[in-house]
Amino acid sequence: MGLKPVLTKDFHTENLEQLAVYERTGGYGGFKKALEMQPDELVELVKKSGLRGRGGAGFPTGNKWSFLPKGVYPRYLVCNADESEPGCFKDRYLIEKSPHQVLEGILIASYAIGCNLAFIYIRGEYLPQHEALEAAIEEARQAGYLGKNVLGKGYEIDVILHRGAGAYICGEETALLTSLEGYRGEPRLKPPFPAIKGLYGKPTVVNNVETVANLPHIVINGADWFGAMGTPTGKGTRVWCMSGHVNRPGNYELENGTPIRELIEEHGGGVWKNRKLKAFQPGGASMMVLLPEHLDVGLDFDAIQKAGSLAGAGAMVVMDDTTCMVDAARRYVKFFHHESCGKCTPCREGTFWMSNIFDRFEAGEAKATDVDLLLDIGYSIDGRSFCPLGDASTWFPRSVIKFFRDEFLEHVSEKGCPFKRTAQEAVA
Amino acid sequence: MPLAKATAEEITTRAARYPSKQSAIIPALWAVQHEQGYVTKEAMGEIAQILALPPSLIEATASFYSMFLTRPEGRHDVVICINAPCMLRGADEMTAYLGQQLGVRDGQTTKDGAITWHSTIECLGACGGAPMMQVDHHFEENLTPERIDAIIQRLRTEPAPHGAKPEKAAAPARPRAKRTQT
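Taken in order, these protein sequences are the chains called V and C. Residue numbering for the first sequence follows my numbering, beginning at 1 and increasing consecutively. Residue numbering for the second sequence follows my numbering, beginning at 429 and increasing consecutively.
Bound-form chain V, shown alone (with noise of 0.2 Å):
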């Protein structure tokens, strides 16, 4: 358990991002090895090794892929770069330092179900890392890993990048997809699945950044080694993305199943300021807060979910004792009404009467009864929306509710954040 760099583990090298160099660390090996095989080698390959998508709900990949119907062509692959979630960073990360781990995990996904068209959809505000990947792109184009006859081996693979242009929904896959048809990013029904109606109707795959980022070692090294490491329902490592009040923010690849203690004391330096944890969030602005006692859990999807919250995108945010919960949930809450795509009238109006009574808090205008009306608002909202944004935008307010109930009372007694007074005292 600890540090184990496998995605990261050439980051230190100058230049990573240009072919040449990235070929020196062994670079497109895993896509000339699975040029070798036979795509359903790879499935198996994929599903024995039990890699579960990074995205953020963990369903193991190779299952994933022998989902798509037989015979069905042509098929997609998609790789969703739309790393919007608040408190995630990893993607940005991988393609920035090494672009062409990320192709060629690409690459060998597409040969894998048999697709000859990838796409990779990156978010809008990712202006320097779809430079990095069309530069990246360009340079596999000229080597001959991309085109009509890749490596004289007969297979043909193309790959779009699509830049996307402001909108949260669209990591959902099904938004994305919508939106890569060129239409408003709204979900879609659940099923049929992307495996069977995706991209133009299609069968498709939509595959994340860090997910497929793993595939050039699996390939290479195989599938016990890879389950080697971590825990036995979480193989592998993750990139988790650590930000607010730890005294080294940042990017740190560990083994699943590393404790959390060790993510934010060891590698993070602890709390900043000398000061004491009052909370932290792991998965990203969706999910539920966990508390000091919480910092032996392993870092897992398994162990997390059994501890109350969900390892989502892999963010961790750290929160210490001057932080106002109520104002942190007011922002997750207004970000989510903000992204709300409109399509149902749970999310739609939930988030937006969820973020006024968040406001009314802040300014010291609410009242004790409004805190059981956002719990109310909450239960209206989860579960009865069209896609998981919606369910999302209640997991942190209502966990902050369940474990910092009397921060939201002094919101309401002393008219106003007690926080934010105790800073200004303490200016003054």
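Keep in mind the hints are simulated off the structure, nothing from the lab. Idealized CB from N, CA, C, for every residue including glycine. It cannot be assumed that every hint is accurate.
Stated by the list, open to error - Sample of chain V residues lacking proximity to chain C, with all beta carbon distances greater than 10 Å (derived):
(1) THR25
(2) GLY26
(3) GLY71
(4) ALA135
(5) GLU156
(6) LYS197
(7) ASP224
(8) ASP296
(9) VAL297
(10) LYS334
(11) ILE401
(12) VAL412
(13) LYS415
(14) GLY416
Stated by the list, open to error - Counterexamples of contact, computed for chain C against chain V with all Cβ distances above 10 Å:
(15) MET429
(16) TYR466
(17) THR468
(18) PRO483
(19) PRO500
(20) GLY531
(21) LYS539
(22) THR572
(23) ALA588
Claimed, not checked - Chain V regions said to be covered by chain C (calculated; three or more residues, Cβ under 8 Å):
(24) 115-129
(25) 172-184
(26) 241-247
Knowing the structure of chain V, use the given hints to seat chain C on it.
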């Protein structure tokens, strides 16, 4: 203002790569914004013509995405994040400082037309370097008042990143509608 020939060609080339030409709508909107600085209704009409799609479809798509601008802005675009991870590291203080130094409200353009700034609740993906902002979509992290001063000073004299934005943008009276403010 009709689209430049190169922009029209870029849209056609782009559309040919996709299995469906409709997929080229967002790339086309980007190409237009790249050339003209923002996307007018007329330009959307031209996109519709080039792609042989109804103009309503282009407008429906364009209006969904927050990054497409509908009116001229300053030469430079400054966006500062105020979501929770940035808030924890002083984003509110930096936002107040930025507004103070620029002398215009959130969503507005400085009088010399150099900078349009706004705060955003949409995470920009640099929480590890919070507080942060994007300047013409490039990351500026670990902000301090001194760093903000230096950035503003640079932008006051620097040309627009694509050289296409109008020299002096009309200072808009109202903040951008789509942004949420806390």
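Cross-check of the supplied hints:
1. THR25: 24 Å, holds
2. GLY26: About 27 Å separates GLY26/V from the closest Cβ of chain C, which puts it past 10 Å; holds.
3. GLY71: 19 Å, holds
4. ALA135: 16 Å, holds
5. GLU156: At about 14 Å from chain C, GLU156/V clears the 10 Å cut-off, so the statement holds.
6. LYS197: About 15 Å separates LYS197/V from the closest Cβ of chain C, which puts it past 10 Å; holds.
7. ASP224: 33 Å, holds
8. ASP296: ASP296/V clear of chain C: closest Cβ-Cβ about 23 Å, beyond 10 Å.
9. VAL297: Nearest chain C Cβ is 20 Å from VAL297/V, so the label holds.
10. LYS334: 5 Å, violated
11. ILE401: At about 16 Å from chain C, ILE401/V clears the 10 Å cut-off, so the statement holds.
12. VAL412: 20 Å, holds
13. LYS415: 19 Å, holds
14. GLY416: At about 15 Å from chain C, GLY416/V clears the 10 Å cut-off, so the statement holds.
15. MET429: 21 Å, holds
16. TYR466: 13 Å, holds
17. THR468: 16 Å, holds
18. PRO483: 14 Å, holds
19. PRO500: 18 Å, holds
20. GLY531: Its Cβ never comes within 10 Å of chain V, the nearest being 24 Å, so this holds.
21. LYS539: Holds, because the least Cβ-Cβ distance between LYS539/C and chain V comes to about 27 Å, which exceeds 10 Å.
22. THR572: Holds, since 15 Å exceeds 10 Å.
23. ALA588: 14 Å, holds
24. 115-129: It holds, with 7 qualifying residues against the three required.
25. 172-184: holds (count 6)
26. 241-247: Holds: 5 residues of the segment 241-247 of chain V have a Cβ under 8 Å from chain C.
The earlier numbered hint that this structure contradicts is number 10, and it is the only one.
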